[in-house]
Structures are given as C-alpha cells and as structure tokens.
Amino acid sequence: MNFILLLAPPLLAAALALAVRPYRMFVGWINALLSLVPLGAALRFAAHAIAGGEAPTFGPGEMLRVDSLSALLLLCISAVASLTLLLSPGLGGESVYSARQLRRYHYSINLFIAAMLLAVSANNVGILWIGVEATTIFSAFIVPLTLTQVSVEASWKYILISSVGIALAFTGTVLGYFDFVALSGRSENALNWPVLLESAPRLHPEVMQLAFIFILIGYGTKAGIAPMHTWKPDAYGEAPAPLGALMSSALFAVAMYAIARWKVVADAALQSRFTDTLLMALGLLSLIIAAFSIVLTNNYKRMLAYSSIEHTGLICLGLALGPLGAFAAMLHLVNHTAAKAGMFLLAGHVERQYGSPLIDNVRGLLKAMPWTGALFAATLLMLIGLPPGGIFISEFALFRAGFALEHPWLMAAALALLTIVFVSFISHLNKMLYGEPKNGVAAGDVRHWQIAPLFLCLAVLVTLGLTQPAPLTTLLNQIVTIIAR
Amino acid sequence: MNDTLFSQLSTLGASLVLLFGIALLWRRSLHSYVVAFQWQSAVLALLAAVIGYFGNDHELYIVAVVLFGLKVLIIPRYLDRLQARIGIEREVTPYVNVASSLIIAGLLVLFAYAVTRPVVSVSTLPTRGGLPLAVGLIFVGLFVIITRKKALTQVVGFLVLENGIALLAVLGTYGIPLIVELGVFLDVLMGFLVMQVFVYQIKTTFDSIDVDRLNQLRG
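Protein chains in written order, with this note's numbering: chain A, 1 to 485; chain B, 1 to 219.
Calculated from the structure, these hints are not laboratory results. No false leads were mixed into what you were given.
Derived, one-sided and incomplete: chain A residues facing chain B with beta-carbon distance under 8 Å: (1) Ile127; (2) Ile130; (3) Ala140; (4) Phe141; (5) Pro144; (6) Leu147; (7) Val152; (8) Leu160; (9) Val164; (10) Ala167; (11) Leu191; (12) Glu206.
What follows is a set of in silico ranges between Cβ atoms, one per label pair, in the way DEER data are often shown: (13) Val197(B) x Asn298(A): 30 to 36 Å; (14) Val295(A) x Leu186(B): 40 to 46 Å; (15) Arg202(A) x Thr204(B): 53 to 59 Å; (16) Gln468(A) x Arg85(B): 54 to 60 Å; (17) Gln271(A) x Asp207(B): 52 to 58 Å; (18) Asn298(A) x Tyr200(B): 29 to 35 Å.
Every beta carbon over 12 Å from chain A, so not counted as near; a handful from chain B, in silico: (19) Arg27; (20) Arg28; (21) Val35; (22) Val50; (23) Val65; (24) Ile74; (25) Thr93; (26) Asn97; (27) Val98; (28) Leu108; (29) Leu110.
Backbone N, C-alpha and C define an ideal beta-carbon position, used for all residues, glycine too.
Let's have the full structure, built from the sequences with the hints guiding it.
Put into structure tokens, the structure is as follows:
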C-alpha cells in the first residue's frame, strides 16, 4: 500500500498535466498538493525502518524493497520534489513561459520525480538502472524549456553524455550478473540486491573489479564525478531553476545511491580496498576541478553546479573512509540536499529579477530583493560549511573519519581545496550582495509564498548544525551497517 | 558436437555484429550509417534466436522479436525520416580520418580482449568466445560518438553502443531476466525518441547538425 502511495501520485500528476491542454494554473497547484502524498509515504517508510522493522517488499519477484538507505533517499527526493513543485513556474499566474511549455514542464518533471522514486525503491539492480536511465530522458526534455542555442547545446551534451554513461553502468550490471549466472545458474531474482550481496563472497574478484569500474564510470557520470562531470555546469546553468534544484540535490543523490549499493556488493566480492582507492582518487579529482572552476566562473548558476561537483567529491571520499566516513557521507548528503535545493530555487528568483545569470550583472541584491538576498547569503554561507550549518558538522565528521583512518595527506589536500572554494564563494557573494542595482532592475521582492518555503531549507540546515535528532541518528547508523564494513 | 556448432555460430554472429559496427568508420553518408545499423541489429536478433534455441531458453525468442521490431524496423525508419526532414548532411570530415579510425578500432578490439580476459577465463559457456567482441563493439560505439561531428551520427554511434551491450548480455548470460530486458528496450526507444527530437532542435536553432558549433557554454 505504502508503495502505491509513493509511486502513484507523481504518475497521476503527470497524467493530469498531460490531459489538461492547454496548461491551467490549477494543474500546478494540484501537482504540488499531490507531491505531499509520496512525502508522507516516505516518512512512513522511514518510521518503519527506524522502529527496526523488516524491509518491506512489493511486486512480482520482490521488485521493490525499502530499507533504511532507500528510506533516507526517498525522504530527500520527495521533500525536494514538494518544494520544487510548489515553486514551479505557472503557479503564480504570470510566467515567462507559454502554456505549451508549462504543460510540457509539468508532465515531464512529475515523470522525472517518479523515475527517481522508483530508482531508489528498486530491489532489482536492473530496475534501479531503468529508473536512472528514465530520469535522463524525462529531465532532458525540460532543460531547454525555451529553445535557444545555448539551452539546446546544454541539453544535447546532457543527454548524450548521460546516456552513454548510463549505458556503461548497464554494461557493469550485466557483467555483475554474468558472474552470478556463471556461479549459480539463472534465476528470476538474481538481480535482487540482497541475493546478489549474499552470493557476492563467491563471485570472481577479477570480474567484479571490471564490473565495478564500469558501474563507477556509468553512475559516476550521472552523479557528476570528475572527469565525467562536463555536462553538469551546462545543464544546471540552462535548466529552469526548479529542475536545477531537483537535479543538483535529488538526482545526484540517486546516482550516488546506485554507486553505494554496488560498492557493497563489490566490497564483499573483492575483500580488498579496491573500491575505496578508486573513490578516493575520483573524489579528490572532483574537488580539484571544482575548486578551480569556482574561482574562474562568472555565472552564479554554474558556480552552484561546480559546488555540486565539490560535494560529490566529498561524498565519494566519505564512502571510501569506512564506517565513520559512511556516516559522515550520508549526513552530508542530507545537508547538501537541503542546501542545494534552496540555493537553486533562490538563484532562480534572482535570475528572474535581474534577467541574467552572470555575477557581474547582479549588483545590490540586498537592496533590490531584501528577503531573497538575505536568504541567498545565509544559505550560501551554510553551503560552504560555515557554522552553525549542518554542512559544517558533516564536513567536520568527514575529516575526523579521514584522520582516524590515517589519510592525513588526502585530508589536508581536501581541506586546502575547501579553503579555496570558501574564499572564492565569499568573494563572488560580496560582488552580488552590495552596490547599486543597475538601472532597469525592478526593486521589490518575489511574493511571500514564493520565498517563505525556502526558509525551511535554512531551518533544516541550522537544526542539523545545532543538534542531531535521535531518529535521524538511528537511521544513519542503520545505513552505516548496510553500506560500510 | 552440438556445443561446438553452437560456439562457432555464436562467435561468428558476434564477429558479424562487430563488423557492422566498424563499417560505420569508413562510410560517409548518414544513410549508409543507418543501413549498417539495421544489418547489425538484424544479425543480433538472429543471434539471440540462435542462442535461445541452443541454450534452451525460450525467453530469448521474445527478446529476438522485440529487438527485430525495434531496431530493424522502427528506429531505422525514424532515422531515415529525420534525415529527410533535415536534409542530406554528410559526415565529410570526422575528427579522425578513416585510415586512423580503422587502426584505432583494431586497437580497441585488442584492448577489449585484454580487458575481458578474466571474464572469458571464468566462463564455461559455449558462447564465451564472443564476449571480447561485444566489449569491443561497446568501445567502437564510444569511439564513433566521440569522433563524429554530426549529431545524427552520434545517435547512431549510441545505438551501436547499445547493441554492444545487448550482445554482451545475450552472450554472457543468455539474456538478463525478461522484465529487465523489456524495461531496457523501452528505455532505448524513449531515449532514442528524445534524442531525435533534439537533433531536430539542433538543426532548427543552429541550421546544421554539426556539433562543432555547440561551443558557446564556457566557464
């Protein structure tokens, strides 16, 4: 039942958006309301997991299954989905988009959300793959909501690179399954994750190594791990802000989730630090590329995209650093989801007011948009790890894990790179906040209901910075027993 | 006896599938790309049926039929129609010329043999001889995507890459479970449909499908 409440509402919302033509305002509001149902279902799943219940399964061949890890991801995705649907274009009457574009936006984004929810609640790693592939298809449709040369360029790069990446992930999945078949013959549920995990110690390490490389490159492309990150700034920069928010917070988490799942299987098969080494190397590379790109960029949406690459790198490092690191990585994932979703939606407000995504064209943000500007600054400071934000805590936990595992040089390098990010973010922010807005930029903020929900993101960040609620700690500890040795 | 025949047939089939992939590298017109892809898919579908017969796995017949319908009938027709809509554009100057492309393709296949050595040595399947060829085809598909300039040839490269994966799945595991396989087909079809919409959009916004011109996003 809970599974139906999870997956049916976004499909229903998409069907509604498809059926009503042209787009009408009530469609957007109903979509936003419907998105609360999966959020409730995710909360119930999480409560069930925290209470220590058996992971529920659903469908033929136990196709779907939600354990603590899935529950956490479901919470992140459905919460961001509700937030973005509430702040989607077309809910406030006037809009820069035509009715046709709004209709396409609304059915695509709901299908996109459904695909993400399916991916993380899938038990079968084949279904997981199908879900992730479907996210590319549905999101690529709305990156170029208004057809311009740059938006078409961005979406072409996005769909081509992601499709190729995801195809490679499938190659890895087939190779993993191949070894399983060679070992124990064909069976219907062989692609189910618990079954795969159980037979993992008897799989051949060489084959699993090859499979994991394909999987890491494949899902890593989707997560934006360097050097497969090149589509990310383009797509995030050109996508409508709500889609950017969903992609940078939820979609990226889905891809990291797929990597984490496979890492457990690979670790069980390999009995070595192979996956950790790979993740550390790519994590550090992501940090390096992100840090220097942030220094050089002149576009605040792209700046946020590079920040995503930075946090991808941090989470990779966390996953490679044993139980303590896994705990930090998952906490970081939650914090990053809240921060990045808020940042992209705020950036969308700023871009609409100033009509430009360039930092140089945005001056006097605090004067032109007092509420948005203040919130933008506060969330950004949390994003770069200033206390009392949750990211400060999770980054601190990450570094502790690194030093505890005796990787001082790695952690020192990461810390230096984070400092570079910190300084350049502050300088970009300074340019935007102060000064006089250019002529022609209307003073006056967006409407209250468009800004009020974004305080939630900040509230989550501050709460997680000051305290760690006991249910969350329980959930994270359960996840650590799933994904770390 | 039967096993020898089976293994010879599967290796032969896999080689043919790979050859049609390499054929892309010396052809110029988009239409010949489509034809090569069509033949490749036909051989792949036949191979799936053959493996279904010898491997005694009747689900593979369904896979063969869907493969044939999707990749021999539907997708090539769409590709040709798309080409008619955007006018003839030839892949005149790929980033790497034909001679070097062929040499590189050869090296990629050798590399595939090196990479898949553990896989082949682990397997006891009669079809294992074809596995390196499948991975080779995946690499060749990647190479086509990277080095061709027209958006449409990149799409064909992607489809060839997917054929490589399908070949790997059919040879290595006699097909992944049917439900997953059907989901994959659906995804391929959807992905392809989205891509062809984008090819058309590239044509309308840039007045060409040369991806060389997609170079405005920097920093």
